[in-house]
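**Q** Residues per chain, in single letters:
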Amino acid sequence: MASVQFKNVSKQYDEGKLALQDVDLNINDGEFMVLVGPSGCGKSTALRLLAGLDSVSKGELFIDDKAVKRLSPQQRNIAMIFQNYALYPHMSVRENLEFPLRMLKLPQETIDQRTQWAAELLHLTESLEQRPKQLSGGQRQRVAMGRAIVREPQVFLMDEPLSNLDAKLRVQIRSEIAALQRRLNITTLYVTHDQVEAMTLGHRVAVMNNGRVQQVDTPRTLYERPMNAFVAQFIGNPGMNIIPCELRREGECLCFDFADQALNVPENGRVAHDTLNRYIGQSIFFGFRPESFSVVEDAHTSVHLELDTIEVLGHEQLLYFTLAQVADSELVVRLPNSDQFTPGVTMPLRINTRELYFFNEDGIAIYD
Amino acid sequence: MIYLYTKLRSLISYIVLFSLAGLFISPMLLMLIGSVKPEARVLSEAGSLLAFVPGDWNLQNYRDVFARVDFARYLFNSLLITSLIVLLGLLVNSMAAYAFARLQWRGRRLLFALVLAILILPLEAIAVPLFYQVSMWGWRDTYIVQILPFIANAFSIFLFYTFFLSLPRELEDAARIDGAGTSRIFFTIIIPNSKPAFATVAILTFLTQWGVFLWPLMVTSSESVRPLPLAISTFYTLPPLQWGDIFAFSVMMVLPVLLVFWFFQRWFIRGVASTGIKG
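Those sequence lines, one after another, are chains A and B. Quick note: the first sequence uses numbering that gives the first Met the number 0, first residue 0, plus one each step. Quick note: the second sequence uses numbering that gives the first Met the number 0, first residue 0, plus one each step.
Check before you lean on any hint, since a few could be wrong.
[Claimed, not checked] The calculated label-pair distances, taken between Cβ atoms and stated as ranges, are:
{"hint": "1", "chain 1": "A", "residue 1": "E94", "chain 2": "B", "residue 2": "T161", "range": "50 to 60 Å"}
{"hint": "2", "chain 1": "A", "residue 1": "D28", "chain 2": "B", "residue 2": "T161", "range": "24 to 34 Å"}
{"hint": "3", "chain 1": "B", "residue 1": "W104", "chain 2": "A", "residue 2": "H89", "range": "50 to 60 Å"}
{"hint": "4", "chain 1": "A", "residue 1": "R101", "chain 2": "B", "residue 2": "P167", "range": "54 to 64 Å"}
[Said to hold, decoys possible] DSSO-like, lysine-lysine: derived pairs with alpha carbons at most 30 Å apart:
{"hint": "5", "chain 1": "A", "residue 1": "K16", "chain 2": "A", "residue 2": "K57"}
{"hint": "6", "chain 1": "A", "residue 1": "K132", "chain 2": "B", "residue 2": "K6"}
{"hint": "7", "chain 1": "A", "residue 1": "K68", "chain 2": "A", "residue 2": "K132"}
{"hint": "8", "chain 1": "A", "residue 1": "K104", "chain 2": "B", "residue 2": "K6"}
{"hint": "9", "chain 1": "A", "residue 1": "K16", "chain 2": "A", "residue 2": "K6"}
{"hint": "10", "chain 1": "A", "residue 1": "K57", "chain 2": "A", "residue 2": "K68"}
Since the hints were made in silico from the structure, they are not lab data. Heads up, the beta-carbon is just placed ideally off N, CA and C, and yes, glycines get one too.
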């Protein structure tokens, strides 16, 4: 076990592309940290830098307070699980598990013990003599996990390990990974683009975009208190609806126009009036989660929008509306599946204004 | 009606394909049958279909070959030279290709472009300067002069290079994290997963080198180091001109090639498919 620290780490490739910019990230001893973000955001680069597969352009990496930037991958005592398993196809499961131990030149007795331990832990004892191509996707991923744990690394690195599995197996292996991490208590850095994986697995989640860390927090905090519009839209499925607006003062009321309604910002909402007063007359954004709606006619809080499409998901449904006031923008509403709706019909939607979020013109969240 | 049309079409296809197959295989049949015929019949039946009909068959032509040249010596020379070129070539060219495909070093692209440029140079273009060079080093009439210049081969490097690029990089990353260095990764991970490329290069190199004639003719003079193609040439140049003997010699010369192909073919076919090289 060990703590991990990215200190002001940047990575620029030979062709000039800046993949990581001034990344600061602390991972505690035994913590399960998930790096999540869209494709090309730099999350896999961060993992490869920590693994020692790519070199750091600027900054320093620490594992247990020891600078590791100039150490070889083996000297860092880390283990990595890859998206495509990266099992050695010409070796049996046993040989795959033994390979890292042979590289460490451990005595045969220790190699046998550890291989047996990993095989039993991951239910692979029956498959030890098989080749990877004879195994199912789930079994292959277990072998990859086995190869990672046999050497008892300080840090686990996982690069989208569930991406090649079907939906059902993904849920199963996901819980196996979580259980394994809990049991072994090894510091883990897990990369994914799937926010459901991130939210369910991570003790904390680091959201990345354009090579920068946007926010590091627990899954609940990320969802409830996003630091900027990107995090608000990335976390949550579907993400937050964010729409431009301009606040104005009408007597005691602080309000803004949305569709056919002037919405009041309540005093007891997420953000106090005192804070919002500073933004009166400025172009800012307001946001709300898809579940902050109900289909109710209310003279003060309901807006009327035409329903575009419906996605029925089983226990709930997603309703999509096009907003006339903002080009190319779409509003998503999550409702229980019990109600029936027809596309093309104009519906009254009441917004729970106490749950409104506000973002400044740079997309930074406004909190008290 | 449609059934008849389909039948007719497949019949025509078969006729065309069988004719082509016959055309391609006929020289080999002629060689095989001619090698066991008496010399008089080989010549008299040469212009007719009777050339393909065995009759009075015997092994006299084979006995003549062994009587006229030291076949075993030539065979040994050819096997030694070709095998060493193939084995050392597999090692050297695959290592060079791996360095070009996977390792990061200054000048890599420029050097690889130069290697590709060498592809278009035939041996004949460099034979004379090469001849002067090896003469200066006193290497004439040796095995080494027939082996060394042909170990590094641009085409082999190119074949290996394209194959290595197709291997998943994660395999090497995983091995590196597991603690393997570059040479261990190459020998324990890359080579075992590159059998098709190795088989393809082995067969193509063997085929090319087995029939090399010009270079050994230039640099060797004694029978003790000369390969089979120079031996068979004596059957044309020194009387009597016996076609039966030439056929018998040719059959014996082709056999090792068939054996090599048979041994490597299961990987070779996959290799040709995966490297995109047409056979």
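**Q** If you draw a straight line from the CA of K16/A to the CA of K57/A, is it 30 Å or shorter?
**A** 14 Å, holds
**Q** Has the hinted range 50 to 60 Å been met by the Cβ atoms of E94/A and T161/B?
**A** Violated - the Cβ-Cβ distance for E94/A and T161/B, about 28 Å, lies outside 50 to 60 Å.
**Q** Compare the distance between the alpha carbons of K104/A and K6/B with 30 Å, and conclude whether the hinted pair is satisfied.
**A** The hint is violated at about 67 Å.
**Q** Regarding W104/B and H89/A, is the given constraint of 50 to 60 Å on their beta-carbon distance met?
**A** Violated, at about 27 Å.
**Q** With respect to the beta-carbon atoms only, verify the hint that R101/A and P167/B lie 54 to 64 Å apart.
**A** About 21 Å separates the Cβ atoms of R101/A and P167/B, which means 54 to 64 Å is violated.
**Q** For the hint 24 to 34 Å, verify it against the beta carbon of D28/A and that of T161/B.
**A** For T161/B against D28/A, whose Cβ atoms are near 46 Å apart, the range 24 to 34 Å is violated.
**Q** Within a Cα-Cα threshold of 30 Å, do K16/A and K6/A meet the stated pairing?
**A** 20 Å, holds
**Q** Can the restraint linking K57/A and K68/A be considered satisfied, given a maximum Cα separation of 30 Å?
**A** Judged against 30 Å, a Cα distance of about 10 Å means the pair holds.
**Q** Take a quick look at whether K132/A and K6/B sit within 30 Å of each other, Cα to Cα.
**A** 42 Å, violated
**Q** Is the hinted pair K68/A and K132/A satisfied, with a Cα-Cα distance of at most 30 Å?
**A** 36 Å, violated
Checked against the numbered hints above, the structure violates hints 1, 2, 3, 4, 6, 7, 8; every other hint is satisfied.
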